[in-house]
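Chemist: The chain contents come next:
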Amino acid sequence: MPNQSTSSNEIDIEFRDVTKRFEDVVAVDNMSLTVKRGAFFSFLGPSGCGKTTSLRLIAGFDQPTQGDIFIGGNSVVGIPSHKRPVNMVFQQYALFPHMDVSENIGYGLRQRNPQPPRQEIIRRVDETLEMVRLSGYGKRRVWELSGGQQQRVALARALINHPTCLLLDEPLAALDRKLRREMQIELQTLQREVGITFILVTHDQEEALSMSDRICIMREGQIVQSGSPRQLYDEPVNRYVADFVGKTNFFNGDVVDAGDKGIAVKSESGQVFVGMQPKAAPGLVNGSKACVAVRPEMIAISATDEANNSNNITIDGQVTNRIFLGEHTEYLVSTEGCGDVMVLSPKSVESMSRSFEPGDKVRISWGSNAALVIGDT
Amino acid sequence: MRIYAIVVFLFLYVPIGIIVLFSFNAGRHASELRGLSVQWYGKALSNPFVGDAFVTSLIVALSVAVLSSLMGTAAALALQRLKGKIRILFDGMIYVSVMIPGIVIGIATLVALVTVFDLLNPLLASIWPEGTKPPKLHMGYASVIAAHTLFTMSLVIILVRARIAGMDRALIEASMDLYATPWRTFYQVTLPQIYPAILAGFLLSFTFSFDDFIISFFVAGANTTLPIYIFSSIRRGITPEVNAIGTMVLAASLLLLMTAQFLLRERSSR
Numbered sequence: 003m004p005n006q007s008t009s010s011n012e013i014d015i016e017f018r019d020v021t022k023r024f025e026d027v028v029a030v031d032n033m034s035l036t037v038k039r040g041a042f043f044s045f046l047g048p049s050g051c052g053k054t055t056s057l058r059l060i061a062g063f064d065q066p067t068q069g070d071i072f073i074g075g076n077s078v079v080g081i082p083s084h085k086r087p088v089n090m091v092f093q094q095y096a097l098f099p100h101m102d103v104s105e106n107i108g109y110g111l112r113q114r115n116p117q118p119p120r121q122e123i124i125r126r127v128d129e130t131l132e133m134v135r136l137s138g139y140g141k142r143r144v145w146e147l148s149g150g151q152q153q154r155v156a157l158a159r160a161l162i163n164h165p166t167c168l169l170l171d172e173p174l175a176a177l178d179r180k181l182r183r184e185m186q187i188e189l190q191t192l193q194r195e196v197g198i199t200f201i202l203v204t205h206d207q208e209e210a211l212s213m214s215d216r217i218c219i220m221r222e223g224q225i226v227q228s229g230s231p232r233q234l235y236d237e238p239v240n241r242y243v244a245d246f247v248g249k250t251n252f253f254n255g256d257v258v259d260a261g262d263k264g265i266a267v268k269s270e271s272g273q274v275f276v277g278m279q280p281k282a283a284p285g286l287v288n289g290s291k292a293c294v295a296v297r298p299e300m301i302a303i304s305a306t307d308e309a310n311n312s313n314n315i316t317i318d319g320q321v322t323n324r325i326f327l328g329e330h331t332e333y334l335v336s337t338e339g340c341g342d343v344m345v346l347s348p349k350s351v352e353s354m355s356r357s358f359e360p361g362d363k364v365r366i367s368w369g370s371n372a373a374l375v376i377g378d379t
Numbered sequence: 004m005r006i007y008a009i010v011v012f013l014f015l016y017v018p019i020g021i022i023v024l025f026s027f028n029a030g031r032h033a034s035e036l037r038g039l040s041v042q043w044y045g046k047a048l049s050n051p052f053v054g055d056a057f058v059t060s061l062i063v064a065l066s067v068a069v070l071s072s073l074m075g076t077a078a079a080l081a082l083q084r085l086k087g088k089i090r091i092l093f094d095g096m097i098y099v100s101v102m103i104p105g106i107v108i109g110i111a112t113l114v115a116l117v118t119v120f121d122l123l124n125p126l127l128a129s130i131w132p133e134g135t136k137p138p139k140l141h142m143g144y145a146s147v148i149a150a151h152t153l154f155t156m157s158l159v160i161i162l163v164r165a166r167i168a169g170m171d172r173a174l175i176e177a178s179m180d181l182y183a184t185p186w187r188t189f190y191q192v193t194l195p196q197i198y199p200a201i202l203a204g205f206l207l208s209f210t211f212s213f214d215d216f217i218i219s220f221f222v223a224g225a226n227t228t229l230p231i232y233i234f235s236s237i238r239r240g241i242t243p244e245v246n247a248i249g250t251m252v253l254a255a256s257l258l259l260l261m262t263a264q265f266l267l268r269e270r271s272s273r
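So the protein lines, in turn, are chains A and B. Just so you know, the first sequence maps onto residues 3 to 379 in our numbering. Just so you know, the second sequence maps onto residues 4 to 273 in our numbering.
Among the hints, erroneous ones may be present.
[What the hints assert, rightly or not] So the derived list for chain B, only partly shown, Cβ under 7 Å to chain A, looks like this:
1) Asp180
2) Tyr182
3) Pro195
Calculated from the structure, these hints are not laboratory results. Heads up, the beta-carbon is just placed ideally off N, CA and C, and yes, glycines get one too.
Here chain B stands alone, though its shape is the one from the complex:
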């Protein structure tokens, strides 16, 4: 049993370890190690395409994180008040949306958006005043952000719901009893109690959006996010530069995930 576990872990982590190791390769081929150096990190960071892709990914991920933590928290607070069958229905739908494979979300969003755009664009053109150029809806930042938020919002809902469920209901009543209006109760008691979950949801959403390739691939339009850039550069062969980018993304994601985990654990231990 123990050997089996070791084999599984090796299988999981050795490839990742190799990528990290080869990102420090001094040579120019990905497959042979010729001394250690950080030159590929320098190359990657000075590559303008990488820079652009990174900025795109950052914009998308930040927007997704902000939107999904705001909407997810609001939804979680509202769902908390639901009872009976409607609640079961919503709970089910939230879990399903987390379980739907990314490729399905990608295709579905693509098809839905293309259909809507095809309907709206002629309509917009017809009502737009003569002489000015009508706007043309197309795939871009908005579509990636929307598609990612669709998924990550459910994550935030689940995290915040769990936090609310673990919160002493009497705290809210105590606040109301001490003359606080519902709004003041929300930001003086409820928010301080659930913010670790919101923050964790924010970080998870950010990480998910930043790392996502599948959904972005379908709906990003002309925008190139970092994972899309990596994918396209791999087609020209794996270079230590790709490894360096991968390692940096990995490090950043791990850091965020650990922060989220820490936030969730530290608060619940009280």
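Just chain A, same shape as in the assembly:
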């Protein structure tokens, strides 16, 4: 479109008040969002939260019940998927079993009208094979390939078309853990190389955190919070996000002192916690129900007789479980009044001080800047 404004040039995908209903189920509920061109964007949430539907709305497999969707500034509502400039990598790859690897990858080019010349298609298929490190695999049947190779064929089949935006529907879910890690890195590198927008759907928070530069956390068809991985991890707006992104200890209580510098929350057992409110979600006042979230790696574990450090919240308890995780040791500490608390102790600390066994009396502590006070939902 010649008359695009400069601002819409930077935004690749936009949802404006989009709702998608399947009979009486609302899969996407009045959702609005923008994805910047060249971003690695993730929809994160449990199954049934509407993240896959959102992706299918962009791809054009489903049409929104209400609202408008823009790709590159143009509304695509009512436009069928074969006329949209986006391509998808499917969860089970959906490679055509009756075609070899080259035929699969060249499929999109062969559908173009006018069709590029044969030599051109062959050249681009070879180029793309090389890009996904599968040179020489062109004549293989797709079912002869390993999971990781099939994954790369699926990527190549989408990327060869130079889409404005690549959609990835749980692309790594079918791979084993080690391969998944490799493919995560490969995907990131690829995204930087080709410079197009990637939109990923995943239920794996680790995957979303490690790959994306923007994450949108969804629940029941709505966006709960969107932001950079760091923002979501450090300043979750509510318990749902804090629970979904990373591991967290929660302490429930009532706000007793809502000051500017920090909020004090008193639990039922009388323990007072002090913490910060996330900037994105202010609004807690005295008396409101709140939840104090403390990441397990922010908690220090020490012997009860050790001299007090600078941490201002201390609780005594007893180790009930210890899991050695390699780079970390995870302790479960049972406390009086505050329930079970999870503590992650890095190996560097472990090797300096003595480690604790189940049954040992310990003292756990953290500074008030480590605690986040959020709404209890």
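Put chain B on the given structure of chain A with help from the hints.
Modeler: Frame of chain A; chain B shown alone:
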């Protein structure tokens, strides 16, 4: 239990085995074996009546196979999109049409066609221009083919439906996502995925139509298909020639059925 199974299988296959064996009989009576020879095959193949009946059967069976695989596939693809109660209704009707005994289809088609012909023939005669001979609708190729197709189309629908159901829906979406129009998606992705089922349906329809006696008997009119020929020649006594024809039909049918089975199995294992 094992003895019981053996007895059942003997009961099923010994008569067929005897027919095959006696088709190689050197003697001229069906009931006593006097050395082996293939002379009856020669006799059967050079018999002009057998030849005519064979050609008739072939025309009918081929037409039935082509029609039912085309219409059955189209119907299966359309039914796939139906949902809810209408789908249950259609599914039920398809299975019922497979289960209806041949004799019922035969009589029903006969009655229906005779009624329609009786209505249409005077009508055609009245609107036909003076001086030319009006066409007269009657039982013939069309009626046998129609009656057989009625039944075999359901077989094709069931086979193709099963194949479509087993197909990854994402393949079609992937094709659409890669800029293929619905029509191109159909012949580049859907058709290659379901053609084994269509081919198997084609072969089954052919076999069914080629072997069918009951329905043909009612609606074939003056045409003599191979099973009808066999039936009428048996009334003059069972000769080794009939056995030879039977054996040839059996061999051809088995070959087609095994091909169909192979097609269905080979593809689904992937």
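Chemist: Hint by hint, say whether it matches the structure.
Modeler: Evaluation of the provided hints:
| no. | hint | in the structure |
| --- | --- | --- |
| 1 | Asp180 | 5 Å, holds |
| 2 | Tyr182 | 4 Å, holds |
| 3 | Pro195 | 4 Å, holds |
Checked against the numbered hints listed earlier, the structure breaks none of them; every hint is satisfied.
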